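What follows is each chain in one-letter form.
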Amino acid sequence: MPSASTFARLPDGPAEDITILFNGEAVRARSGDTVAAALIAAGHRITRTTPVSGTGRGPYCMMGACFECLVEIDGEPNRQGCMVQVRDGMRIDAMSGARKLAEGNP
Amino acid sequence: MTGRVQLAVIGAGPAGMAAAVEAANCGASVVLIDEQPAPGGQIYRAITSAARPGKAILGDDYENGAKLTDTLAASTVDHWTATTVWQVTPEREIYMTRDGASHRITADAIVIANGATERPMPFPGWTLPGVMTAGAGQILLKTAGLVPQAGLVLAGSGPLLFLIAAQYLRAGGAIEALVETTPRSNYRTALRHLPGALRTPGYLRKGLGLLAELRKHKVRHVKTATRLQAVGDGRLQALRFSRAGRQHEIACTTLMLHIGVVPNVQITRALNLPHDWDALQRCWRPRRDADGATELDGIFLAGDGAGIGGAVVAELEGRIAGLASARALGTLETGKAEARLAAERSRLAQEMAPRPFLDALYAPSPEFLAPPDDTIVCRCEEVTAGQIRSYVGLGCIGPNQTKSFGRSGMGPCQGRLCGLTVSEIIASETARPMAEVGYYRIRPPIKPVTLGELAALHDDQAAAADRSLENAS
Ligand SMILES: Cc1cc2nc3c(=O)[nH]c(=O)nc-3n(C[C@H](O)[C@H](O)[C@H](O)COP(=O)(O)OP(=O)(O)OC[C@H]3O[C@@H](n4cnc5c(N)ncnc54)[C@H](O)[C@@H]3O)c2cc1C
Ligand code: FES
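From first to last, the protein sequence lines stand for chains B and V. According to numbering that gives the first Met the number 0, the stretch in the first sequence is residues 0 to 105, in order. According to numbering that gives the first Met the number 0, the stretch in the second sequence is residues 0 to 472, in order.
One thing to keep in mind: the hints can contain errors.
Claimed, not checked - Chain V side only, calculated, beta carbon under 8 Å to chain B, not exhaustive:
(1) Met131
(2) Thr142
(3) Cys379
Since the hints were made in silico from the structure, they are not lab data. As the structure is a prediction and not an experimental result, all values here were calculated from the model. We put the beta carbon where it would ideally sit given N, CA and C, even for glycine.
All chains should be built: construct the whole structure from the sequences, respecting the hints.
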C-alpha cells in the first residue's frame, strides 16, 4: 500500500499526463519519468520483496547500480525500474520472492 | 549503424562528451554510447530537458553542462542514447543492448568514461524502503522535479550531501536534519593539505557558500554522529545515532545517504585491466597513463570511472583521452597533439590541487567501511558483515572465496554494492593490505542480458553473432 507521498513536483514543471498500473492500481505519472520515479512520486516505496527473506525493498540508487528497483514490466520480470521510462498504460508489478534472473549472471 | 567505427566512447557525462567531441573535431568517426535517454552523465543529468528545474535551484555548476551538450550537438558525433554496454573485449568489440536487441560494434579505439557510483554506506537498517542515496534524490529532482516536503533526513559526509540539501531548500523542500558523520580527526588530517587546496580556492568558496545556505534556513545540522541505525517496521520510520556519548533518534520517512563517490570499475574489471588501491580515496583505480591509455592497445580511460576528480577534471581528462586517441588513430598529427595535450595537462594539475584536502576531509568514517556484524552488506543475497567475518574465521581469505561460503556478490548487482565492503572487512579481519586482499572477479555481461536480446543480435559479421550465442548458452 502506498502512504501519502512525501514528495511533491515542482509547481512550474509539466503536469502528470499519463496513467500506469502498479500491482493493478492506477498511478498518475509524467512522461519522461522512470518507472521508479513515478512510483516514488505516488508514495509507493516498496517495489519488491527479496528472494532470500521476503522483506520489502525499494529503489536505492536510481542510476542502475543496485538492482533494488527490479520490477515486472508488461509481463517481463527483472527490469530495472530506474532505467525504464513510463509509457501510458504500462503494467508494473512488484517482484516477489525468488527471482528468475535474466541469463548471464554467475 | 555500421559494424566498425574509429572511436567508440562509453558514457556521455562530461568526460565522454569531451572525449567524443575532441576526437570528432580531429576528423575521427565517433560513436558515443550511453544508457541514459539524453547526454549529461550524473552531474548534468537532464540538462537538455525542457522540463528540468532551473538554474535558481540547481546552480551555476550544473548550468555549465549546457556548453558541453551544445558542442556535442554541433559535432559529427553519433550519439546512441538509451543503449547499455554489457561487454567490452580486449579486441575492442563492444556489445550493447538497445530497444530489446543486442548490437555489436568493433572500434579502432575506445574511451571508457563510465563515471562513478556512490560509495556504499552500509549500517544496520540501510536496506529499509525509504532509505536511498543522496544522488538518487538528486536524480529524482533533476529528471522528475520531485522535492521532499516532509520527513527527510540527509546523512553522511561530503560536498554532494551539502549540495543536494541546498538544492532542496532552493526548491522549497523541507529537511528535518542533516546528520554529518565526518569524524573529528578528519579536520586535523585535512589541515595539512589546506595550502594545496588554496591554489584553486573556488571549491572551498562553494562549499562554504552551501553551508551558509543551510544555516540561513536554520536546518538542524548534527556533526560527528556515529553508530547510525535506520529503524522501522517494514519501512523506514527513524534514524538513530550516537553523538558525544548520547543516543538520539529523529523520525523520518526518507533517509538520503552519501559518503562520496567511487569509480565504477565493472567494465575495466571485466577487461582484466590492473587496478591499484588508492589509500586516500579508499577505492580501486584502473591503471592508466597520463593520456588515459591502459595496457590494452587502443583502450583509454577518462573521468571519475578512472579515479575521482569531479566534473571539471572529468571534462579535462576526456579532452586528453580524445586527443590521445585521435593521435593513435592518425587523425591528429603527433606534434600538434603534444602541444594541446601539454596545455590540457597543466589545467588538469591546477584542478586537481584541492583533491587531497577534500579527500582527507571527507574520508569515510571507518564504521561504514567495515560495518557492525548485524549490517547487511550484500543487499542482493542478504549476507551480513558478521557472516563475512565468520567466513574469515573459517579460513576464507579473499572476496572471491566468500561467494562459495555465502553467495555475497553473486546477486544481480554483481558486487557493485558490497565489493568494497567485503574486501575492507577481510582486510581488517586478517590485518592485510587491500592491495593483497583484492576484489571480486567480474565476468561479462556486466549488465543482465536476456536470451531474447541476444537472439536479436544485430551485427554485420554473422560468425561473431553465432559465437556469442554459443557463449550464452
Ligand atoms: C548520482 C550521482 C550524482 C552526482 N551529482 C553531482 C553533482 O551534482 N555535482 C557534481 O559536481 N558532481 C556530481 N557527481 C559526481 C560525478 O561523478 C562527477 O561530477 C561527474 O559527473 C563525472 O563525470 P564523468 O563523465 O566521469 O561520469 P558521469 O557523469 O557519471 O557519466 C558517465 C556516463 O556513463 C554512462 N554509463 C555507465 N555505464 C554504462 C554502460 N554500461 N553502458 C552505457 N552507458 C553507461 C552513464 O549513464 C553516465 O551517463 C555525482 C555522482 C553521482 C554518482
Ligand atoms: S534503484 Fe538502483 S538499480 Fe534501480
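Which numbered conditions among the earlier hints are violated in the structure presented, ordered from lowest to highest?
-> none
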